[in-house]
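Generate coordinates for the entire structure from the input sequences, incorporating the hints supplied.
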Amino acid sequence: MSRLLLIIISAVLVNNFVLMRFLGICPFLGVSRRLKTAAGMSGAVLFVMTMASVVTWLIYRYILTPFHLVYLQTVTFILVIASLVQLVELALQKLSPALYKALGIYLPLITTNCAVLGVSVLNIQKEYTLLETTIFGFGAALGFGLAMFLFAGLRERIDLCDTPLPFRGTAIALVTAGLLSLAFMGFTGMVKL
Amino acid sequence: MLTAIIALASIALLFSLGLAIAARAFAVKVDPRIEAIEDALPGANCGGCGLPGCSELAKRIAEGKADVDACPAGGEFVAHEIAKVLGIEFTGGGITKVALVLCGGDDQVAAKRFYYNGIYDCASAALLFGGDKACSYGCLGLATCADVCPFGAIDMLPSGLAVVNPEKCTGCTKCVAACPKGIIKMVPIDKKVHILCSSHDKGGKVRKICKVGCIGCLRCVKEAPEGAITMEDNLAVVQYEVDLPEAVVETCPMDTIVVGGVGVEGVSGERKKAAGGEG
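Top line first, the protein sequences correspond to chains A and B.
Numbering-wise (numbering that gives the first Met the number 0), the first sequence opens with residue 0 and increments by one.
Numbering-wise (numbering that gives the first Met the number 0), the second sequence opens with residue 0 and increments by one.
Each computed SDA-like pair below joins lysine to any residue, with the alpha-carbon atoms no more than 25 Å apart:
#1 210(B) with 129(B)
#2 100(A) with 45(A)
#3 93(A) with 19(B)
#4 64(B) with 98(A)
#5 58(B) with 98(A)
#6 58(B) with 88(A)
#7 93(A) with 34(B)
#8 100(A) with 32(B)
#9 100(A) with 66(B)
#10 93(A) with 13(B)
#11 28(B) with 96(A)
#12 184(B) with 164(A)
#13 100(A) with 30(B)
#14 28(B) with 101(A)
#15 100(A) with 38(B)
#16 100(A) with 21(B)
I should point out that these hints are in silico values taken from the structure, not numbers from a laboratory.
In structure tokens:
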């Protein structure tokens with residue numbers, strides 16, 4: 000039990016996917032302008048990451064390993080992720096057209112989001128069990144969501160400030176992202192797994 | 000090898016089946032009028048309506064959230080087409096506005112402070128001490144506005160001045176946003192008298208650096224009908240709501256005021272006349 004908790008804490012804080020592992024930067028910068036879109040993106044990633052972790056683990060364990068097809072890992076995982084993203088896209092278009100519009104190109108971009116593929120591959124590398132895999136995928140997505148929320152909140156405030164002209168837009172966003180990552184450095188070494 | 004193909008194919012088949020079922024379950028009905036309206040719109044995605052693109056405007060119009068004449072680039076013709084799609088009558092149509100570069104200082108009449116040898120783009124030149132023109136308000140003439148114009152309505156004079164062709168201009172305001180000097184304004188197409196200057200510098204300074212700049216002498220303000228021309232911080236500005244007689248052109252000692260000077264020929268014609276007068 001404590002191991003599962005540690006996996007979550009490790010994925011959310013200590014080894015935060017965006018701020019420590021440097022994965023999934025594209026949506027992190029792309030849709031963090033408003034808290035609302037950041038929340039929608041986090042939700043979509045939460046679903047895709049958790050599902051992808053479970054499905055890729057099952058495929059790896061029960062299809063790829065018995066048939067000695069481990070070398071197909073990357074292409075299979077991408078297939079799984081792409082299908083899941085497509086599913087989320089279809090569902091979002093029907094259920095929340097506003098959010099679908101707000102996420103724009105970044106929604107299909109989850110397909111090639113390295114954070115999602117990263118989780119799937121890390122699960123295999125770390126030889127997690129199915130339960131641990133699920134928890135790790137979920138925790139990684141929570142970590143992504145946390146980073147998104149913090150960053151979107153910061154950016155909303157920055158928008159209200161009188162930023163020096165050369166810093167406006169992407170420049171100040173990247174500087175802020177760097178400082179945010181610096182803050183997460185404080186968690187280094189807290190959990191060893 | 001064979002197992003690899005079979006395994007991957009079966010996984011792919013499984014997922015595609017799942018997606019096919021999901022596509023049915025989450026099918027979204029699309030209003031057929033949206034497509035018809037989008038076909039009627041120019042399709043340049045210029046953003047003149049204030050929305051991200053033509054398809055977005057088509058959606059708004061179909062939903063009744065935007066007027067049939069909401070497309071500034073399409074004008075009356077497109078408005079009629081859209082009204083036909085929606086089965087309603089389109090009546091009237093306001094005065095369209097076209098872009099106008101409020102600067103007449105080309106290289107022949109306006110001085111330069113230094114030789115700019117950087118990237119051929121106004122935004123880039125403006126970052127360097129505000130550009131090479133001695134006048135900090137003037138047109139830099141590096142065609143940034145002409146490049147963004149989706150309709151090819153902006154011509155660059157060889158003497159380094161951007162001029163909007165009102166016949167081609169659709170009023171999409173892209174150039175207004177692109178100009179780093181902010182000297183492109185939207186003016187009613189039926190008004191012909193313009194003051195082609197944006198300089199807020201004092202008269203003495205303007206005289207030294209530009210032969211056609213507004214020196215704020217107030218002559219036109221006094222001559223023109225009440226409120227037709229106002230002084231805004233050392234610059235005479237035409238208030239287009241009030242009618243302005245063409246005779247006011249004669250009052251300007253700097254030839255800053257032009258008639259019908261929105262077209263290329265108009266401006267260069269005026270210039271020639273001014274040069275001849277001096278000589």
